[in-house]
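Chain by chain, the residues:
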Amino acid sequence: MKSAVFPIIKREYLERVRSRWFIIATLAGPLLFIGIAVLPVLTMGSSGPSELVVVDRTARLLSTVQPGLEAAGYAVTPVADAAAAGTDPVADHTRRIQDDEIFGILVLDSATLATGRARLTVANALSPIREMALRQVIAQGALVTRLSADAPEVIGLLAGGTLDVEVLDDEVEVEGSDFILAYLGAFLLYMTLLFYAVAVMRSVLEEKTSRIVEVILSSVRPVELMLGKILGVGAVGLTQLGIWAVSFVVLADVGLPRLMEARPELATLREFASVAPTAGQLLLFLAFFLGGYFLYSSLYAAVGAMANSDQEAQQAQAPLVILMIVPAVILPGVLENPESTMAVWTSLVPFFAPVLMFARAVSGWASGAEVAVALAGIAVTTVVVAWIGGRIYRVGILMTGKRPSVRQLWRWVRTG
Amino acid sequence: MTDYAIRLRGVTKHFGDHVAVEDLDLDVPRGTICGLLGPNGSGKTTSIRMILGIYVPDGGTVELLGGPPDHEHRRRVGYLPEERGMYKKMRVLDHLAFIGELRGVRSSDGRRRGGEWLERLGLSEWADRKVEDLSKGMQQKVQFVATVLHEPDLLILDEPFSGLDPINQDVLEAIVRELNARGTTILFSTHLMDQAERLCRRVCLISRARKVLDGDLREIRAAEDRGDVAVEFDGDAGWLDIPEIETAEREEDGWHLRLRDDVPPRVIVERALASGIELRRFERVAPRLHEIFIRHAGAEAAAEAGRPTDVRVAEAVR
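Chains A and B are the protein sequences, given in the same order. The opening residue of the first sequence carries number 1 in the working numbering; numbering runs sequentially from there. The opening residue of the second sequence carries number 417 in the working numbering; numbering runs sequentially from there.
Hint data in this document are derived by calculation from the structure and do not stem from the laboratory. Heads up, some of the hints might be wrong.
Stated by the list, open to error - With a cut-off of at most 35 Å between alpha-carbon atoms, the simulated DSBU-like pairs for lysine-lysine come out as follows:
| # | chain 1 | residue 1 | chain 2 | residue 2 |
| --- | --- | --- | --- | --- |
| 1 | B | Lys552 | A | Lys10 |
| 2 | B | Lys505 | A | Lys10 |
| 3 | B | Lys546 | B | Lys505 |
| 4 | B | Lys504 | A | Lys10 |
The following block holds chain A by itself, in its conformation from the complex (with noise of 0.2 Å):
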C-alpha cells in the first residue's frame, strides 16, 4: 500500500519553494555574504584616484612609510626633490590633483622626521578617519626609520612583538579561520534550526486552525501527517542551505580569483576564501543540522498542536525558545575557553549540543568521540521527545477550546 506520508512531504515542499519568500530568502543569503566581504573594500577602492606622490626630502622616509601607505591602499609614485632644481614640485602636481588625477602631494622633511608633522595637499577635505591613518603610516614610519638608525632592536616592540607559545600535553591545533568557521555556522545553525522548526510549528497551527486537519485525517494517520510535515519542511531547509553552501564555493573558488584578477586592490577578501570550510566540517553541520532539526521539529509540531492560535503558540513555544537561546548565548564563552567543564558539559547536552558542539568540533576542540556521543544523545532524545510530541500532536491537534494544561498534557501522552 503506498504510504500517504510522500504526498505530505511533496506539498509541503512545492508550496514552500514555490513561495516567494522562499526565493528571496535563498538569494538574499548569498548577496548579503557578497555585501559583508566585497562592498566595503568596493566602496574603499572606488573614492577617486588612489596614487599618491611622495616628496622626501630627508631621503631616509620614504622606504619606511611606502610600505604603510600602499596597505591603506595608495599607489606610491616618488618623486626626487626638485628643490634643488629650483621648482616647487606641489606647484607642479596642484593642476593633475585638480583633475583628480591623482589623489594627492604628501611631502616629507626633517620635520617629519623630528615631530612626525608632514604636508599633505589634495583636492577635497579629508575623511577624520582617513586623516588618522595616515597620520599614523607617517608616524609610525618616522618611528622606525630614527629607531632604526639609534636603536634598531626596539623596532620588534613597535610591530607589538611575537609570543611563541610552547603547548605541553595537547595535540589540539586550532586555525584562526576555523574558529570563524565555528562561530559563523553555530549562528547560522542556531537561525536556520529555529527558523524551520517555528515554520514546523506554523504549519501544524495553520492546519489546526483553519480545520483542514479534519480532512486530511480522515485518511492519514496522525503520525503520517506530523512525519511527512516535518520531513517536508526539512527538505525546503536542505535545499535552502544547499544552495548556500554552492553559492559559497562559487564565489570563493571562481568569484573571488576573477574579481581579485580584475582589481588586484581587492586582494585583502583572500581571507575570505581562506574561510571556505573543508568537506568535514561541511559534515559537521549537516549532522548537526538534521539531530537538531528533528530534535526541535518535533517539539515545535506538539507546541503547535496544543495551540488555537497564533498568540496561543507564541506563549507556549517561550520553553522552547529558552532551551534555544542559551546555547546561543554561551557560545562566545563556550569558544573562548573550549577546554573548560562547562563547556564540555553543555556541549553534551543534547538541546544544546547542535550549536556548541558543533562549534567546538569544528574549531578543532572536540574529540570525535565527543561528537559522537553528543550525537547519539541528540538521536535518543529525538526518539523520546517525537514519541511524546506525537502523542500530544495526536490529540492536540483535533481539541479546540482552552490551552490545555500541564496535567493535561500528561494525560494525553499517557493515553495518546
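Since chain A is already given, all that's left is putting chain B on it; use the hints.
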C-alpha cells in the same frame, strides 16, 4: 462484502466526565441515503469521527465498509467535516489533487477529475487561482469536490448544507442524489429536520449522546402516524369543539387537528357537513420528523434542537 456500509454496536465515547456518545447502535445499509439527526452537541460529529477512526471509541465496535476503520477502508470514504478547512495559499486544482493523492488517486488523475468537477460546477476559470481568492460559496463547492474526487463508496457529510445559499443547496442536493443513484452510500448529519425528510431513506435520531429512534423513514412515519388532518374552511371555528378532536391548532393557512385514538378521519368531514361548514381543504397529514423527535426525545431536548438556523449560519461564517 456485507450489506452494510456502516455498523456500530454499543459504541461509547467519553471526554473526561462528559459523555459524548453512549451505547450507540447504527446500521447504514449500502446504497441508501441515511440522515443522522439531532440538535447541536448531541454527539453527531463525535459519532462520525469514530466511524472514520479519527477517534477511538471507549467501548463498542465500529465496522466500516465491512472491516475495521483502518487506512485501507477509510480510503474508500469521502468525508466532509462540518468545519471545513482548506489550504488558503494553494491553487484550487493543486489542492484537489493533493487531497485525492492522500486517498490513493494519482496526481494526474486527480487533476483531470478535479477539472471535470470544476467545469460542472461552473468554476473552471478558478482552477489556477488561490483558494483564498474564492468566495465562501465557491470554497464550499471546491471542498465538496475534494470529498468526492476519489469516487468513494461511502460519503459522510457533516452538516453539508450549513452556510450554503438555497441555490447551491439545490445543486448539492442534486449531486448527492445522483451519486446515490450510481450506488454511493451516503450518511449525512443535520439538525435541519425538513432537509432530512427531503433526502433520506433512513434516519437515525440522536439526542444527548443517545439514540432515540432509527429506521426507514417511511416506516417510521407510518408507525408514528396518528391520523392528524389539516383543514381549511370559511367561517366560525366553533364546530371544532367536539369530543373526537383532541387538539386543534391554528396554523397560518388553516387548522391542524389531532384526533382521539380510533377516530377515523372521515368523521371530520361528516361533522363539517353537519355543521353546514364549507371545507376548502382537507388532507391527511403524516407526522413531521420534528414532531416525532419531540415525541421521543421530549420537549426539553427539542428546545435545544429548536435553535434558529441563522445563529448557526453566523457561526459558520465566523
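Hints versus structure:
no.	hint	in the structure
1	Lys552(B) / Lys10(A)	holds (27 Å)
2	Lys505(B) / Lys10(A)	holds (15 Å)
3	Lys546(B) / Lys505(B)	holds (6 Å)
4	Lys504(B) / Lys10(A)	holds (17 Å)
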